[in-house]
Amino acid sequence: MTATTMSSKRGVLIVVVGPTGSGKSALAVELAKHLRAPIISTDSRQVFRGMPIGTAQPTAEELAAAKHYFIADREVEDDFNCGKFEVEALALLDKLFAESDYVVAVGGSGLYVQALCEGMDDLPDADPAIRESLKQRLANEGLESLVAELRVRDAKYAEEVDICNPARVMRALEVCLSTGRPYSEQRKGTTAERSFNIVKIGTEMPRDVLYDRINRRVDMMVAEGLEAEARAMYPKRHLNALQTVGYRELFDYFDGECTFEEAVELVKRNSRRYAKRQLTWFRRDPHTAWFNPNDIPAILAHIASFKP
RNA sequence: GGUCUGAUGGGCGAGUGGCUUAACCAACGGUCUGCAAAACCGUCUACAGCGGUUCGAAUCCGCUUCAGACCU
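In terms of the working numbering, the first sequence opens at residue 130 and continues consecutively.
Please keep in mind that the hints were generated in silico from the structure rather than gathered at the bench. It is possible that part of the hints are untrue.
Below, in silico cross-link-like pairs of lysine to aspartate or glutamate (DMTMM-like), each with a Cα-Cα straight-line distance of 25 angstroms or less [what the hints assert, rightly or not]:
| # | residue 1 | residue 2 |
| --- | --- | --- |
| 1 | Lys317 | Glu303 |
| 2 | Lys365 | Asp250 |
| 3 | Lys224 | Asp256 |
| 4 | Lys213 | Asp202 |
| 5 | Lys196 | Asp223 |
| 6 | Lys162 | Asp207 |
| 7 | Lys138 | Asp207 |
| 8 | Lys329 | Glu314 |
| 9 | Lys329 | Asp207 |
| 10 | Lys397 | Glu386 |
| 11 | Lys329 | Asp250 |
| 12 | Lys329 | Asp414 |
| 13 | Lys213 | Glu270 |
| 14 | Lys224 | Glu247 |
| 15 | Lys365 | Asp208 |
| 16 | Lys162 | Glu190 |
| 17 | Lys317 | Glu333 |
| 18 | Lys329 | Glu303 |
| 19 | Lys138 | Asp202 |
| 20 | Lys285 | Asp256 |
Between beta-carbon pairs, the in silico distance windows are [what the hints assert, rightly or not]:
| # | residue 1 | residue 2 | range |
| --- | --- | --- | --- |
| 21 | Gly385 | Ser262 | 38 to 48 angstroms |
| 22 | Gly385 | Glu217 | 15 to 25 angstroms |
| 23 | Asp348 | Arg266 | 19 to 29 angstroms |
| 24 | Arg406 | Glu288 | 44 to 54 angstroms |
| 25 | Leu192 | Leu219 | 14 to 24 angstroms |
| 26 | Asp381 | Glu322 | 42 to 52 angstroms |
| 27 | Asp384 | Glu228 | 29 to 39 angstroms |
| 28 | Pro335 | Gln372 | 51 to 61 angstroms |
| 29 | Arg346 | Thr388 | 14 to 24 angstroms |
Beta carbons are placed, not taken as given, at the ideal position from N, Cα and C, and that holds for glycine.
Using the sequences provided together with the hints, build the complete structure.
What follows is the structure, encoded as structure tokens:
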């Protein structure tokens, strides 16, 4: 990014990414305090109310230290996705940058970060009726049937999708059906222009240290009352918001499918796997500079090179 | 000292001469454009050691080492 393009921008969005349990939230608060910046969350689960422990939402202390957005500000019944997030977050940033040179974004949802920084193509939300019928067909006719239809409606995309992945096949079909046009034709893959500069910071640490932190954090969640939180959500377990590590495993325990101890072990394992997937996602972005999350001076120095 | 049993990849655990990548778990790598903490894909070829029998041995025989059980 050149100095001339930078000078036309309104401010700097500091995007903190990294695997779960790597200290993103705490780092974000530190940066927010130093830069007098608000924080917006790029986490697909922390947006919901009623699940503060299992999703490791910022603590009351952290929330008091900086203004947070997209934290526990909607119900689990509400539809939310990366597309909605992009629209709402951009509108919010427009206001925030009117008052602050810096805004910090933190969260572990790679797709949300992508939506915020690169933008999503203009594709429709899922039509509930279409999605439901596709789910039925998947259950009744199998994935092959859906793949066959995709070949007819969008041969190009059928060639490149992972045809073993029902979620991808269904989404493509869903877009074809709701727009009457091939999915691949509408998927531009272009990177949106943003009115602010973006600095991406990744939190990095040795794998064994990370895993140890994750394991201990799960134990802490249990100590803080994860079970009761999950039990309160049990009646809503079919909602997408509850398809979340830390809850699904306890739902299985409530259903008598495993012991409590086994459920907790699974929460740990699935958190580790989630962390690994996050790393795979975030490592791919060459714009991310990786730091030890405790090395605030180095991180601030890096940010300073992107003055608004 | 003697007898017996066992020794399989990080773990568990099949497989008793000739497709076995056993399976599973963990771990690791990867994919990713509206359910993304989701949904997927891939990798990890071991048989305690040595020698022998055989066209061919994880599988049969002998010795060695180790572990366990039992006997004196």
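We went through each hint and held it up to the structure:
1. Lys317 x Glu303: holds (17 angstroms)
2. Lys365 x Asp250: At roughly 31 angstroms apart (the allowed maximum being 25 angstroms), aspartate 250 and lysine 365 break the hint.
3. Lys224 x Asp256: violated (31 angstroms)
4. Lys213 x Asp202: Judged against 25 angstroms, a Cα distance of about 14 angstroms means the pair holds.
5. Lys196 x Asp223: Roughly 16 angstroms between the alpha carbons, so the hint for lysine 196 and aspartate 223 holds.
6. Lys162 x Asp207: Violated. Lysine 162 to aspartate 207 sits at ~31 angstroms, over the 25 angstroms cutoff.
7. Lys138 x Asp207: violated (33 angstroms)
8. Lys329 x Glu314: Distance ~30 angstroms between lysine 329 and glutamate 314 Cα, so the pair is violated.
9. Lys329 x Asp207: Violated, because 29 angstroms separates the two Cα atoms, which is more than 25 angstroms.
10. Lys397 x Glu386: holds (17 angstroms)
11. Lys329 x Asp250: Within the cut-off at roughly 22 angstroms; holds.
12. Lys329 x Asp414: Roughly 9 angstroms separates the two Cα atoms, so the pair holds.
13. Lys213 x Glu270: violated (32 angstroms)
14. Lys224 x Glu247: With Cα atoms ~19 angstroms apart, lysine 224 and glutamate 247 stay inside 25 angstroms; holds.
15. Lys365 x Asp208: holds (14 angstroms)
16. Lys162 x Glu190: holds (13 angstroms)
17. Lys317 x Glu333: violated (32 angstroms)
18. Lys329 x Glu303: violated (33 angstroms)
19. Lys138 x Asp202: violated (29 angstroms)
20. Lys285 x Asp256: holds (23 angstroms)
21. Gly385 x Ser262: 38 to 48 angstroms: violated (33 angstroms)
22. Gly385 x Glu217: 15 to 25 angstroms: violated (40 angstroms)
23. Asp348 x Arg266: 19 to 29 angstroms: Distance hint for aspartate 348, arginine 266 is violated at roughly 43 angstroms.
24. Arg406 x Glu288: 44 to 54 angstroms: violated (25 angstroms)
25. Leu192 x Leu219: 14 to 24 angstroms: For leucine 192 and leucine 219 the Cβ distance comes to about 23 angstroms; the hint holds.
26. Asp381 x Glu322: 42 to 52 angstroms: Once the Cβ atoms are compared, 45 angstroms apart, the range 42 to 52 angstroms for glutamate 322 and aspartate 381 holds.
27. Asp384 x Glu228: 29 to 39 angstroms: violated (49 angstroms)
28. Pro335 x Gln372: 51 to 61 angstroms: violated (30 angstroms)
29. Arg346 x Thr388: 14 to 24 angstroms: holds (21 angstroms)
Checked against the numbered hints given earlier, the structure breaks hints 2, 3, 6, 7, 8, 9, 13, 17, 18, 19, 21, 22, 23, 24, 27, 28 and satisfies all the rest.
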